[in-house]
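From first to last, the protein sequence lines are chains A and B. Note that my numbering numbers the first sequence so that position 92 is 92, with each residue one more than the last. Note that my numbering numbers the second sequence so that position 64 is 64, with each residue one more than the last.
No wet-lab data here; the hints were simulated from the structure. Note that the coordinates shown come from a computational prediction; the quantities given were computed from them, not determined experimentally. Check each hint, because a few of them may be wrong.
What the hints assert, rightly or not - Derived BS3-like pairs (lysine-lysine); straight-line CA-CA distance at most 27 Å: (1) B:37 / A:9; (2) B:37 / B:112; (3) B:42 / A:14; (4) B:68 / B:100; (5) B:22 / B:57; (6) B:71 / B:22; (7) A:9 / B:57; (8) B:42 / A:9; (9) B:37 / B:100; (10) A:9 / B:108; (11) B:22 / B:58; (12) B:68 / B:22.
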Amino acid sequence: NAGVTQTPKFQVLKTGQSMTLQCAQDMNHEYMSWYRQDPGMGLRLIHYSVGAGITDQGEVPNGYNVSRSTTEDFPLRLLSAAPSQTSVYFCASRGGFEQYFGPGTRLTVT
Amino acid sequence: GENVEQHPSTLSVQEGDSAVIKCTYSDSASNYFPWYKQELGKGPQLIIDIRSNVGEKKDQRIAVTLNKTAKHFSLHITETQPEDSAVYFCAASTGDNFNKFYFGSGTKLNVKP
Chain A
1 NAGVTQTPKF
11 QVLKTGQSMT
21 LQCAQDMNHE
31 YMSWYRQDPG
41 MGLRLIHYSV
51 GAGITDQGEV
61 PNGYNVSRST
71 TEDFPLRLLS
81 AAPSQTSVYF
91 CASRGGFEQY
101 FGPGTRLTVT
Chain B
1 GENVEQHPST
11 LSVQEGDSAV
21 IKCTYSDSAS
31 NYFPWYKQEL
41 GKGPQLIIDI
51 RSNVGEKKDQ
61 RIAVTLNKTA
71 KHFSLHITET
81 QPEDSAVYFC
91 AASTGDNFNK
101 FYFGSGTKLN
111 VKP
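With these hints in hand, go ahead and build the complete structure from the sequences.
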């Protein structure tokens with residue numbers, strides 16, 4: 001099993017550009033989530049999904065969109081990137097209690 | 001929402017010594033408390049967790065204690081080794097479905113050989 005995979009590993013955007021961060025899992029988990037990690041602030045939940053077609057907001061959802069069309073994939077969309085969205089983004093999936101995190105995407109917005 | 005505070009932000013110990021990291025939470029409804037280890041350039045990995053109906057849980061050199069009355073929980077690592085060096089995060093979750101997790105700000109543990 002590959003577990004949770006994320007692409008790309010690194011990305012540089014200009015202010016106002018859009019992009020999609022990809023996340024996939026092969027563990028057949030219903031629950032998936034997106035976090036951002038900023039220095040000194042731990043991880044903050046952006047959006048989560050409890051199954052295909054069901055998404056909800058987390059702690060810091062503004063500026064991000066998600067959708068869940070399949071169990072395996074949970075992409076995160078930035079419609080108009082801002083410098084405040086410079087961060088490391090982690091995707092996670094969960095079957096029982098344990099969350100499995102992907103390797104992260106480091107995003108820089110200039 | 002829930003607020004999780006974690007201390008210390010950095011911790012340096014000698015190999016073989018014990019390390020203790022402490023977290024407090026604000027929402028008395030929180031009932032699941034995982035701890036994660038994050039190595040450089042990687043995603044967090046669950047190392048131990050505890051539910052609110054248990055006061056202590058141990059797994060080899062790692063233990064977690066929970067005080068529901070005081071709303072704090074702690075991670076204890078005994079006989080530390082250089083490979084324990086990493087950033088550790090506590091988290092809290094609430095509700096029957098545990099859909100939302102709130103993380104502490106992290107502790108960078110350095111184990112000196």
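Status of the hints after comparison with the structure:
{"no.": "1", "hint": "B:37 / A:9", "verdict": "20 Å, holds"}
{"no.": "2", "hint": "B:37 / B:112", "verdict": "18 Å, holds"}
{"no.": "3", "hint": "B:42 / A:14", "verdict": "25 Å, holds"}
{"no.": "4", "hint": "B:68 / B:100", "verdict": "19 Å, holds"}
{"no.": "5", "hint": "B:22 / B:57", "verdict": "15 Å, holds"}
{"no.": "6", "hint": "B:71 / B:22", "verdict": "11 Å, holds"}
{"no.": "7", "hint": "A:9 / B:57", "verdict": "36 Å, violated"}
{"no.": "8", "hint": "B:42 / A:9", "verdict": "11 Å, holds"}
{"no.": "9", "hint": "B:37 / B:100", "verdict": "19 Å, holds"}
{"no.": "10", "hint": "A:9 / B:108", "verdict": "23 Å, holds"}
{"no.": "11", "hint": "B:22 / B:58", "verdict": "16 Å, holds"}
{"no.": "12", "hint": "B:68 / B:22", "verdict": "14 Å, holds"}
Going down the numbered hints, you'll see the structure goes against just number 7.
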